[in-house]
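Asker: Mind docking chains E and P on chain V? Use the hints.
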Amino acid sequence: MKRTLGVCYYPEHWPEDIWAEDARRMVDAGLSWVRIGEFAWSRLEPKPDEFDWGWLDRAIDVLGNAGLKVILGTPTATPPRWMLDKHPDMLAVDEQGRPRGFGSRRHYCFSHRGYREESKRITRKFAERYGTNKHIQAWQTDNEYACHDTTRSYSDAATEGFHFWLAQKYQSIDALNRAWGNVFWSMEYDDFVDIDLPNLTVTEPNHPHVLDFYRYSSDMVVGFNREQVDEIRKHTSAPIIHNYMGRETSFDHFKVGADLDIASWDSYPIGFLSDRLEGSPEFKRRFLRQGHPDNQAFHHDLYRAVGKGRWWIMEQQPGPVNWAPYNPAPLPGMARLWAWEAFAHGAETVCYFRWRQAPFAQEQMHAGLLRTDDQDAPALAEAQQVSQEINDLPDVGTAKADVALVFDYESAWAWEAQPQGADFDQFRLAFSAYRACRRAGLNVDVLPPDTDDLSAYKFTLAPGLMHLSGSLRNALTGATALIGPRTDTKTQDISIPTPLGPNVDGLNVSVTLTESLPPDVGVPLENGGQFVHWREMLEGDASVTLRTTDGHAAIMGDKLRYLAGWPDDATWDLILKDLCDETGLTHHALPDGLRIRNTQTHRFVFNYAPETIEWNGTEIPAAGVHWEAL
Amino acid sequence: MKRTLGVCYYPEHWPEDIWAEDARRMVDAGLSWVRIGEFAWSRLEPKPDEFDWGWLDRAIDVLGNAGLKVILGTPTATPPRWMLDKHPDMLAVDEQGRPRGFGSRRHYCFSHRGYREESKRITRKFAERYGTNKHIQAWQTDNEYACHDTTRSYSDAATEGFHFWLAQKYQSIDALNRAWGNVFWSMEYDDFVDIDLPNLTVTEPNHPHVLDFYRYSSDMVVGFNREQVDEIRKHTSAPIIHNYMGRETSFDHFKVGADLDIASWDSYPIGFLSDRLEGSPEFKRRFLRQGHPDNQAFHHDLYRAVGKGRWWIMEQQPGPVNWAPYNPAPLPGMARLWAWEAFAHGAETVCYFRWRQAPFAQEQMHAGLLRTDDQDAPALAEAQQVSQEINDLPDVGTAKADVALVFDYESAWAWEAQPQGADFDQFRLAFSAYRACRRAGLNVDVLPPDTDDLSAYKFTLAPGLMHLSGSLRNALTGATALIGPRTDTKTQDISIPTPLGPNVDGLNVSVTLTESLPPDVGVPLENGGQFVHWREMLEGDASVTLRTTDGHAAIMGDKLRYLAGWPDDATWDLILKDLCDETGLTHHALPDGLRIRNTQTHRFVFNYAPETIEWNGTEIPAAGVHWEAL
Amino acid sequence: MKRTLGVCYYPEHWPEDIWAEDARRMVDAGLSWVRIGEFAWSRLEPKPDEFDWGWLDRAIDVLGNAGLKVILGTPTATPPRWMLDKHPDMLAVDEQGRPRGFGSRRHYCFSHRGYREESKRITRKFAERYGTNKHIQAWQTDNEYACHDTTRSYSDAATEGFHFWLAQKYQSIDALNRAWGNVFWSMEYDDFVDIDLPNLTVTEPNHPHVLDFYRYSSDMVVGFNREQVDEIRKHTSAPIIHNYMGRETSFDHFKVGADLDIASWDSYPIGFLSDRLEGSPEFKRRFLRQGHPDNQAFHHDLYRAVGKGRWWIMEQQPGPVNWAPYNPAPLPGMARLWAWEAFAHGAETVCYFRWRQAPFAQEQMHAGLLRTDDQDAPALAEAQQVSQEINDLPDVGTAKADVALVFDYESAWAWEAQPQGADFDQFRLAFSAYRACRRAGLNVDVLPPDTDDLSAYKFTLAPGLMHLSGSLRNALTGATALIGPRTDTKTQDISIPTPLGPNVDGLNVSVTLTESLPPDVGVPLENGGQFVHWREMLEGDASVTLRTTDGHAAIMGDKLRYLAGWPDDATWDLILKDLCDETGLTHHALPDGLRIRNTQTHRFVFNYAPETIEWNGTEIPAAGVHWEAL
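Residue numbers (our numbering), protein chains in the order written: chain V, 954 to 1583; chain E, 954 to 1583; chain P, 954 to 1583.
Okay, chain V solo, but in the shape it has when bound:
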C-alpha cells in the first residue's frame, strides 16, 4: 500500500474564489487527502432546520475534481449558539460545579439526551447528503473527543445517566454497597438515585465510586461515537475515523476504536513536549524544537492497536502552534521526520494541520503549510519532499514487533482515583517502559488489556495493570513477561483481592505491602539501579532474580516475573538488557536522540538530537531521516 499525505482545510474560512487555486496547490504539493467540515455547523445549519448545503457541495466538487480525496467530518464538536436555546442544560459542568459555557468549542455534555439526538440528526443529514458522494472517501466523527478535559461532566444529565448505568451494572443497591465497600464510612445507599457524582466531597470519595464514574463517562463517549457511526454506515462504505489526542486517557480508546475502521491521532510533538510530558529542564531544552523522541512513536504504536492495524495522522504539526505554554518553531526538517516516522510505524496517511494559517480567532498563531498572506510556510517544502520520497519508497511493509506492551485505560482511571503516591500515573509508568524499549532499538506492539495471545512476541511488559483480564491472565501463563508494579493487585472493584495478587498460574508471588516515595528518594538495587516513586514487598515461592540492596525481592519469577517497583530510566535499561539477552534480541544502546524503527523491508533511523550523529558509518544530521534496506 502506497503511503499518502493530506491536509486539513476549512473552505468556510476563505473566499470561494480561491478554493480552486488552493486545491491545485495541494495537488502540486503531492497531497492526496483533504479533511473538511468538522467545525462548520453554523454555516451549514445557520438556523434550526434551515440548511445551507450549497457551499459545501461546491467545495467538495472543487476539491474532488482537482484530484483530492475528501475526509468529511461531522460538526458536533462545535454546536452553534442557537443549540443552547433548544437545550439550555446541554453544557457540561466542571468538577467545581460550573457550567462550561459557549464561546469556544466542545461545549456539550456527553450524557445529555437532547444533544445526543442533535448529534444523530446532523450526522444523519451529512450521511444522507454525502454518503454516496464519490469524492468523500473517508469520514471523521466529531473532533478530538476529550480535548479540554471534556469527557467527564458533573451535570444533572450525567447524574441521571450514572444512576441508570449503575442500576444496570449492579442490579441491586446492596450489590453496589458491597462492591464499593460502602460500610467503611457509613456511605451505604438505599437507592441508586441517592448517589451523587464523586465531586465536591469533604475528603476523597470512595475509589470504586470514582472508578465507576470514570467508566460511565468513557462509555458515554463510546456511545456517542457509535451513534454517529451507525448513522454514517447506513449510507456509505467509506472508512470511518476519529482523530484522537496525545496522552489522553479519560476514555477507553480501544472501545471507541472497535466501532471505527481506522484510528487517527493529532500529533503536535513540540506542543506536547512543553505542555504534557515530564522531563528534566536539560531534556526539554535539548528537544525543544524536535519534540520528545519517543512520544510520537508511542502514540503511533498505541493507535495502531486502537485501529486494529489501520491508522493515520489526522493532524500533523507543521510549525509553531498557539496552545502550549511556549511555542517554539520546529527545527528545519522535523515536519519531514515526523511524517516518515509515522510511515515507519505503519501510518497509511499523514495529514498536516492546516493548509493556510487562519489570520483570525483562537488559532491565528498556529502555523499552516501556507502563511496567512498565501505565501509558502516553511513546512510546505518539507511536505513536498516527503511526497516525492514516497514515490521512491511507496510501501515499507508491515512492521513486525518483538516486544509487546500492554496498555489499559481502566488502570489509568484506577490509579487516578487511587494514586497512593502523588506522581503515580499509568501513562507515565507505561511510557517509562516504552521509552526503554525505544532506547534499545526494539520494535514494540502496544496491546489492549483483553489480549489473549502473546506467542508472537519475544517478551511482554505489563506494568501497572490494576486487574488482569481472564484472557490476558491465560496468555501470560508460560509467556516470557515482566508484570508489575501494581499489576493484578486489585479486584475489578478496585479492592484488594484474597489471596493477594498477582494471581497468575505459574507465578507464586504476592504483594504484601506497598510504599510510595517522594521524587528525591530511591530504593537502590543490587544491579546498580534503583526504584523510584513506588516499591512493593513480595512473598512467595518464586525465585528471586533481583534484590534491593537491603535484601528484599525486586524481581521474582522465571519466564513470567514480577517487578516490585518503578525503575528509573537507567534501571529499565538494565532490565531490558537482561530480557533481550535472554530472548535473543539485540539490545542497541542508541546514541542520545537517535531512534530506529525496522519495517518489513527497511531500517529507518531518525535523529531527534540537535546535532549530527554517526550511525554505523553514516552521518545523520539533526532532524535527519535515514533508511536502509534490511
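Simulated from the structure, these hints should not be mistaken for laboratory data.
There's no promise every hint is true.
It does not matter which identical chain is used: a pair holds within one copy or between any two.
[To be verified] Below, a list of computed lysine to aspartate or glutamate pairs in the EDC-like style, where the Cα atoms sit at most 16 Å apart:
# : residue 1 : residue 2
1 : Lys1039   : Asp1147
2 : Lys1237   : Asp1473
3 : Lys955    : Asp1102
4 : Lys1353   : Asp1042
5 : Lys1000   : Asp1144
Note that this is a predicted model, so its numbers are computed, not measured.
Answerer: Below, chains E and P without anything else, positioned relative to chain V:
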C-alpha cells in the same frame, strides 16, 4: 499506673464468625483496649428510627468476654445518606461557597441546629443502651474534629449562628463597630443580621471580623462536643475522650478538653512529615521513615495539657498510610519507638490504628496490625514487644518539666487573619521554640494561655501570644521568661493597644515597628545568630541583652525579657543555652536525631536517626529505644 | 512652581479634639496639603438620604484654618452596607462567577446603573456642599480604580452593558461575526443578546471577544469617572485628580486622564518589589528596603503623560506596609529619596500615606508619619527634611526628555488575551526597554499611542504595540525609532493583517513567523546578546543591521527599524548604546543601583543601592540624593 496498648477495630467490616478469633489474637498480642463504633451509624440505624443494635451488642460481648476493654465511639462523623433527606441543608459550605457533599465523611455543619439534635439523639441512644455495659470502659465523642478543614463552614446556618453569637458578645451593633474599627472603610453595620461571613470579599476582610468568626466556629465545636458529653454522662461514669489531630489549630482544644476526662490524639508521624511539617529536603529525606523527631513529643506535651494530665494515643500509625502525598513504610522498630515515646511523655494507653487493613474503600492502602489476608503485618510483632516490655516497666512515673511553653489557639487564628508576612504561623513559631528545647534535652510542659502560676518552672517561653490573659500577665511578672515576638502586641479585638504592648509589669519595653522578611533574608545578631521571617523595633528602659549587628535591641529585659524577632534554629539554640546556664539547667547538645525524655524514674533515649548513635557509651541503633534508671 | 508635600488624613478615625493638634503638627512638619474624605461615606450618610455633614465641615475648617489646603475625595470606593439593600445586585462578579461581597472595599460593579446613579448622587452632594469651600483646593474621584482586580466584572449588569456597547460599535451582528472571525469554530451569533461574557468557556474564548470585553470594561471606568467629574465641575474650578496604581493596566489611564486636570499615583516601592515586579532573588534581596530602582521613575513618567504634564504622588509609602507578601521597613532615607525622585520627574506634590497609623482594621500594620501612640514615626523627620530642602530648591524646572517610549493599554489587553508565550506581558516588555534607558542615564517621556509628533526626541521606542494608530504611524515615518517585537502585527480586531505587519511607510519589513520561548532558552545574536521569551522571522527589503548567530535578521531598517525579538537586559544595553551613539546622546553606564535624572536646572543622582557609590568624585551614601546644577 500500668501503661496499656489497644487497637481500633471495625466489627461491621468483617464477618461475625471471625470476631472471636480476632479478639483472641488481640489479647495474645498483649492489647488491652479496643475502640469500636465510630463510623457504624448506617449499620446501627439503617433507616431513620429503625435500629439494629444486635450486631453491636454481640461484638461488644465477644470483645469484652475475651478480656478486652472497649472504647465506644459515637458515630456522628459519618451520618448516613438518609440524614440528608431529613436535613438537606446540613452540609457544611466551603470558603468558595460550595456545599461539601456526601460520599466520604465529616459532611456536616457544626452550626446546623437540626444536625445538632441528631447528634444528641444518636448519642443518647448509644448512652442509654451501653452506658452501663461493663465492657465499655471509655467513650469517644465523634472522630477527629476539624479533619479535612471542617471546623469552619460558610453556610446559612453558620451565618445565623454567627449573628446570634455576635449579638450576645457585643450587645449593641455600635459596640461591634467600634471594636472592629469598621469606620475604617465605611464597613459599619446597622444590625447584626447585616453581617456576612468573612469569605468572598473583594480584598481581605477586617481582621477582627475574621477572628470573631474563627472564635465562633471554635465555640460551635466546643458546644457540639459538650452536648454529646452531657448525654453520655447521664448514663455512665466511664471516662470520655476525643481523638484530636496533629497540627490542627482551628478550634480551641483546651476548651473542648475542659469538658472531657482524657485527651487523645491520632499520631501519624510519617504522614505528617510528608504532608504538614516544614523542613528542608535533606531533613525530610533523613527522617522519611521515622517522622519528625520532635513532632510527636510536641503533641504529646500539648495533649497532656489539654487532657489536664490524662492523655492517650487513640490512633498510632503502624505502617504506610494512604492519605499523604507520599506514603513510605516506617523503619523497622518505629512502631515500638513511637509507643515508648508516648509512654515516656505520660500516655496511659497507645492504640494502634487499625487491627486488620481494610481491603476496600478509601483507606485500603492504610496498613494495620494484620494484612488484608489475615497474616501478621510487620507492626504486630513490635506491638507485642512493647506489651512485653511494659510488663518489665509498667510505670515510669509522672514526668516533671523544667521548662514551660505557652500555646494559644486564639493567637493562631489572629495571625492567620493577620499574618503580615506570608509565612507567619503561630504553630510554626511555637514549634520552633519547642524543637530547640528538645535539641537541648529539656522536659517541657505546654501550658494554656490562662495559666496563672509559672513557679514550678525554671523558665517559660511565650512566643507569639496575641494578647496576654490577666492571669498569665500576673504570672509573668517576676518570672524568668522569654516572650515575643508579637507577644501582647494586640488588644483582645486584634487592634494595636495604647500604650504599645507588651504591657507586663516589670518589663519596660514597647514594640514600635514591625517588619516581615522573605525567606532568603535574615537580620544578623551580635551573638552570631539571626532573626528570620520577622523582626521588631523596641523602645523602653529595659536593659538590652542582645543586639542586632546594626545596633537595634534584639532582646530586652532581665528575668522577664522580650524577644524582638523570630530566631532561626541555631539562634534558638544560643538563646536556650543562655537561659539554661542562667537557671542552672543542663543544655544537652544532642546528636542529630537523638532525643531524650526524663520520667520520674528513668531517662529514655530515642534514636530517630537512620543510623546508630552512641549515647554515653551505649550504641543505640536506628529506631532504637534505650532507658536507664535516673 | 514650588514643589509641595502633603499627607492623607482620616478625621473620622480620630477624636475630634485632636484634629487641631494634628493640623498644627502637619504644618510644623512642612506639609501643605491634606487629603480627606474618600472612605467616609458611612459617617456622612449613615442612613439613605440622612446626612451628617457637621463633622466634615468642622474637620475642613480645622485643617484649612491651620493653613492646609484640602483635597476632598468622593467616597464611592466604599459604599455603606445599606447600599446593598437598595441594590442587591450591585456587587461585581468575579471570573469564577461568584459575587464579590461586602466587608472590605471596592464592592461595586462599574456597569451597574443603579450604583452609577448613587455615585453621581453622592458626588453631587459633595460638590454642592464643598464646591465653593475655600479650603478645598483639589478633588479626588473615588480611590484607586481597578485595585483588587475590580475593573472587570462578570455580572448580569456587565453582560447587558456589553451587549449595548457591542451593538453600538458593530451596528450589525454580521459585522461582529466577521470582525471576530466567529466562523472559526461555529461561534457565530444571531443577536448581540446571545453573547456571553468571555469567562468560564470550555477552552480559551476568542481573542477579539476578550479584547472587546476588556475595552468595554475600561470604558465603564472612564464613564464612571467622567460622571463624577461632570458633577464636580458644576460647582468648582479646583483641579480634579484621581490616584492611580502601580503596574495596573486593566483600564486606559490616558482616557480617564483626559477628563481630569492632574494625574496622581500611589507609590509603594517596597510593596511593589515584593508583590508585582519580576526580578532575580539576588536583585530582590539587594533592593529589599529601597524598591526597584526604575519602577517609581517609570510610573512618574507614565503619569506625567496621563496628566498631560501635571501629576502628583497622592500616596507615598513612609514605612512598612501591610499588604505585600513580605513587608520590610525602608532603608533610612528612602522616604526622602522617593519624594525627591518624584520632584525630579516633575511631580508638583508628594503626599505621604498616612498621617497617623491606624491601630485598627485591615491596615493597622501600615506605617504612617506618626505611630499609633502619637509619637513620630521614622519617616516624619525625612518628610520634614524634604520640606526644608524644598525651600532651598523650590523649583527645578520642567525636564526635557531625549527619548520617547510609547505605552499602550490596549496592547496590554491584547497580549493578555493572546500571550502566545506564557510570560509575554506588555508592561514587562515596555518596562524592560525603560529600564535600559534608565541604566543609560537617559531622560524618557512616556507617550500615549495616539501621539502624532516625535520630532522633539532623539529616538523613540515602541515595543509591542498591537496596532499602530494612524497618527503614530505617520509620526514614525522618517523618525529615528525602534519598533517591535510584535509592533503593528495585528489589525484593530486582533487578527493578522494582509499585507503582514508592520505596515509603516519607509520600513519594508514583514513578520512572517513568531515563536515564544521558555525562560531558560535564548536566541543568541551576533552582537553578543540574545533574544528571550520571543522572536520573529522577518522578510523584506530593509537592511539587516543585526542578525542572530544562525543568520536570521534581528533588526532591520535604518532610521526606523524593527526589532525581531525580546532582548534581555544586556542586549537592550547594547541596542541603546548604538542608538545613543547614532543620535549623539551620552550613554552612561551607571553603577548598579545609581540613577540620574536631569531637570531643566539640575542633575539629580539617586542611590538605590544599599552601599555608598562614588559618582564623579562625590560619595553618595545608600539612599542618598545628590543634586548639582547643570
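Asker: Provide an ascending list of the numbers of those earlier hints which the structure does not satisfy.
Answerer: 3, 4
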